[in-house]
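Engineer: Protein sequences, first through last, are from chains A and B.
So the first sequence is residues 135 to 532, counted in this note's numbering.
So the second sequence is residues 135 to 532, counted in this note's numbering.
Since the hints were made in silico from the structure, they are not lab data.
Don't take each hint at face value.
Chain copies aren't distinguished; within one or between two, either way the pair holds.
With a Cα cut of at most 30 Å, we get these calculated DSS-like pairs of lysine-lysine [to be verified]:
#1 K518 to K452
#2 K495 to K185
#3 K385 to K168
#4 K163 to K463
#5 K387 to K488
#6 K185 to K513
Number of protein chains: 2
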Amino acid sequence: MAKIALLGHGVVGTGVVNIIATKAEKLFKETGEKIEIKYILVRHDYDVDYKEKFITDFSIIENDEEIDIVVEAIGDTEPAYEYVKSALKKKKSVVTSNKELVAKYGYELMQIAEEKNVNFIFEAAVGGAIPIIHEVRNCLKANNVNSISGILNGTTNYILTRMIEEKMSFDVALKQAQELGYAEADPSADIDGIDTCRKICILADIIFKNHIYPENVYTQGIRKVRLEDVDILKSIGGCIKLLGIARRVDKCKIFIITSPFVVFNESILSATNDVFNAVQIETDNAGIMSLYGRGAGSLPTGSAVVNDIVECVLNKGKTIYHGWNTENKYLLVDHTEVPMRFYVALDESYEKIKDIFEDIKILCAEEETVFITSKLTLKSLNEKLNNVKVKSVLRVLD
Amino acid sequence: MAKIALLGHGVVGTGVVNIIATKAEKLFKETGEKIEIKYILVRHDYDVDYKEKFITDFSIIENDEEIDIVVEAIGDTEPAYEYVKSALKKKKSVVTSNKELVAKYGYELMQIAEEKNVNFIFEAAVGGAIPIIHEVRNCLKANNVNSISGILNGTTNYILTRMIEEKMSFDVALKQAQELGYAEADPSADIDGIDTCRKICILADIIFKNHIYPENVYTQGIRKVRLEDVDILKSIGGCIKLLGIARRVDKCKIFIITSPFVVFNESILSATNDVFNAVQIETDNAGIMSLYGRGAGSLPTGSAVVNDIVECVLNKGKTIYHGWNTENKYLLVDHTEVPMRFYVALDESYEKIKDIFEDIKILCAEEETVFITSKLTLKSLNEKLNNVKVKSVLRVLD
Numbered sequence: 135m136a137k138i139a140l141l142g143h144g145v146v147g148t149g150v151v152n153i154i155a156t157k158a159e160k161l162f163k164e165t166g167e168k169i170e171i172k173y174i175l176v177r178h179d180y181d182v183d184y185k186e187k188f189i190t191d192f193s194i195i196e197n198d199e200e201i202d203i204v205v206e207a208i209g210d211t212e213p214a215y216e217y218v219k220s221a222l223k224k225k226k227s228v229v230t231s232n233k234e235l236v237a238k239y240g241y242e243l244m245q246i247a248e249e250k251n252v253n254f255i256f257e258a259a260v261g262g263a264i265p266i267i268h269e270v271r272n273c274l275k276a277n278n279v280n281s282i283s284g285i286l287n288g289t290t291n292y293i294l295t296r297m298i299e300e301k302m303s304f305d306v307a308l309k310q311a312q313e314l315g316y317a318e319a320d321p322s323a324d325i326d327g328i329d330t331c332r333k334i335c336i337l338a339d340i341i342f343k344n345h346i347y348p349e350n351v352y353t354q355g356i357r358k359v360r361l362e363d364v365d366i367l368k369s370i371g372g373c374i375k376l377l378g379i380a381r382r383v384d385k386c387k388i389f390i391i392t393s394p395f396v397v398f399n400e401s402i403l404s405a406t407n408d409v410f411n412a413v414q415i416e417t418d419n420a421g422i423m424s425l426y427g428r429g430a431g432s433l434p435t436g437s438a439v440v441n442d443i444v445e446c447v448l449n450k451g452k453t454i455y456h457g458w459n460t461e462n463k464y465l466l467v468d469h470t471e472v473p474m475r476f477y478v479a480l481d482e483s484y485e486k487i488k489d490i491f492e493d494i495k496i497l498c499a500e501e502e503t504v505f506i507t508s509k510l511t512l513k514s515l516n517e518k519l520n521n522v523k524v525k526s527v528l529r530v531l532d
Numbered sequence: 135m136a137k138i139a140l141l142g143h144g145v146v147g148t149g150v151v152n153i154i155a156t157k158a159e160k161l162f163k164e165t166g167e168k169i170e171i172k173y174i175l176v177r178h179d180y181d182v183d184y185k186e187k188f189i190t191d192f193s194i195i196e197n198d199e200e201i202d203i204v205v206e207a208i209g210d211t212e213p214a215y216e217y218v219k220s221a222l223k224k225k226k227s228v229v230t231s232n233k234e235l236v237a238k239y240g241y242e243l244m245q246i247a248e249e250k251n252v253n254f255i256f257e258a259a260v261g262g263a264i265p266i267i268h269e270v271r272n273c274l275k276a277n278n279v280n281s282i283s284g285i286l287n288g289t290t291n292y293i294l295t296r297m298i299e300e301k302m303s304f305d306v307a308l309k310q311a312q313e314l315g316y317a318e319a320d321p322s323a324d325i326d327g328i329d330t331c332r333k334i335c336i337l338a339d340i341i342f343k344n345h346i347y348p349e350n351v352y353t354q355g356i357r358k359v360r361l362e363d364v365d366i367l368k369s370i371g372g373c374i375k376l377l378g379i380a381r382r383v384d385k386c387k388i389f390i391i392t393s394p395f396v397v398f399n400e401s402i403l404s405a406t407n408d409v410f411n412a413v414q415i416e417t418d419n420a421g422i423m424s425l426y427g428r429g430a431g432s433l434p435t436g437s438a439v440v441n442d443i444v445e446c447v448l449n450k451g452k453t454i455y456h457g458w459n460t461e462n463k464y465l466l467v468d469h470t471e472v473p474m475r476f477y478v479a480l481d482e483s484y485e486k487i488k489d490i491f492e493d494i495k496i497l498c499a500e501e502e503t504v505f506i507t508s509k510l511t512l513k514s515l516n517e518k519l520n521n522v523k524v525k526s527v528l529r530v531l532d
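Chain A with its partners taken away, still in its complex shape (with noise of 0.2 Å):
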């Protein structure tokens, strides 16, 4: 008998709840064990009817013998960080899905998991229901790892979308993500970048085994995206995706952000829709990967998570994965400092603009010029778009 404690009974707690009901057979045939949760830890208790599992204090689960695996879904870092680093510290292995707690400190509870020979597992944190994490680690064994690239947050995309396949604005699409229940009332975590933020350092964390803190990775929105661009991005076959991006650059550097990307039709990413999320993995000898699938949603983040807690159960006084060691000293490169290509519309005329840029496409030369430039640095972009009156600049995914 594998015993649980449930932190939150939210969106992802109650899919948490339900799988492992419907499952318990199949749960049963994986591990050898009954998995039953002992306690769903809640602000204030109400009727449903498991409620006498309903507690409110976090003493009773922390101090309870019984309990080998604790699943972290109240979201946030306070309290759930004191909770999380009390139970390893009680050698109770963790799951979470937790994006925040994890980017911010994964590296110091990762630690605690080691020295108490347990489990710290997360694979829900970073694309819901997508096993990305797992494949990370468990099955590239025989690759580097050069770069990953991800569609990681579901209501952006869904915005994106409406944009490119009803011509929506913006505000339009926002508050109609609203109205289903996508955004959040204050959305900013999502459309500010920051949650894919969180998961793009989780993923470079995992690479690299370097804990990498989203203040220092420059992150961008998609509150400026205009639906002009989408539409001459459509009309060349093109559209504009919120990525996450991790690359090695070198044997030392590492360029990471999080920044609205021109993507084109060839890239699995540019096919990759609505809520689902989508990572691209670049190898030396596999090759191009990519996993696709749902992001979000009680079930498939249920699903990760209940998933999650079978490894813990198999692994029990055994630590699995181990932490990033401080060894591998990466540096983040100035996302100014890479050459890329970037998508460029301007308020001025083609005459007036022909002589400061060379070797471009242009893309739209009426009331605005529009054009892709060859690979340079934002850093000499700008200074080339100094005195020229700038509608948009997105960079381009090569």
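Given chain A, work out where chain B should sit, using these hints.
Structural biologist: Using the frame of chain A, we list chain B on its own:
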């Protein structure tokens, strides 16, 4: 030290040699052991800088107690089957990329591996570098898989992509694939769907824990795919892909087929071009998931083999994947009795056929009458088509 014997030194074998050499340090970190290729079984030796490892007599491998792991990369089933069986009986784990072997003898070989507490694993046999078997086995423990659909053969996907993108006829595209080394001189195993069938059978074996033999699966290749149909479909946002599909129809019935299917652009499968492979999985909790990557090639396939070698080293003396038990007795349903939509091109006027078909979506009513039906079985479609001149019938993926 883990000592390996490699059977075969072709495309996959050389990839394995290459990766074990270039990734020696990383593999040591992953396993805590040095991985060394002790023997390479070849028919005739020739000059490479490790030719001292070449042997031509399998009994040396079989009788060498130092060998923990045998990597079978010969292809075909004779003598591969005898070698693998004998290695397993001698308590050596076996890693293979040989789909024909697994599809035909997987059930028996997994049983022997279990009896001997060793492993028989074969990630590279399906989807090359894509860790599809790993995902189905390890990442979906909180899910039932309801169906799996895949582009599992790079050769046919390359040919179909050329037909779609460059309006090449099937014959011209096949010739180009042969010139580029993507298709064999005798291309039948690829273009007649035999290779895809083996792979979808292996995936079905794992998902449904029932050995399904390729000879029991309806298999149709791409020889008869017409450029006219490719063009009409392209104009409505669709394309033709050779798919292997295995779907749970009810608690005890499976529909499994290899056939060209019409795929619409909403699906990630339609964005899978050239020699890439992709698999789409439908689950009850995680929803739809896809994996995409290189389905063949020396390093991509080699990297999947080496990942399996690492699994064997880490799990010495312990069978990690158990064979399908015989409790689950699924029946295969007759493919002509499964309702689906069909794309139909007839050499008839719309007037002649309009009373035969209700509820169709007309795509073209010029020289040929082309339409997509509503859901019906092939059996009833064939009854309707009894007295009309048929140019093509294609299944539509829903």
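Engineer: Could you run down the list of hints and mark each one as holding or not?
Structural biologist: Against the structure, the hints:
1. Taking CA atoms no more than 30 Å apart as the test, K518 paired with K452 passes in neither setting, with 57 Å inside one copy and 63 Å between copies.
2. Proximity of K495 to K185 under the C-alpha cut-off of 30 Å is found in neither arrangement, the shortest distances being 63 Å within a copy and 52 Å between copies.
3. With identical chains, the CA atoms of K385 and K168 are at most 30 Å apart between copies only, with a shortest distance of 24 Å across copies and 47 Å within one.
4. For the identical chains of this complex, K163 and K463 are inter-copy neighbours only, at 18 Å across copies versus 43 Å inside a copy, given an alpha-carbon limit of 30 Å.
5. Taking the shortest alpha-carbon separations for K387 and K488, neither the intra-copy value of 35 Å nor the inter-copy value of 66 Å comes in at or below 30 Å.
6. When the C-alpha separation of K185 and K513 is checked against a cutoff of 30 Å, the pair qualifies neither within a copy, at 58 Å, nor between copies, at 53 Å.
Of the numbered hints stated above, those contradicted by the structure are hints 1, 2, 5 and 6, listed in ascending order.
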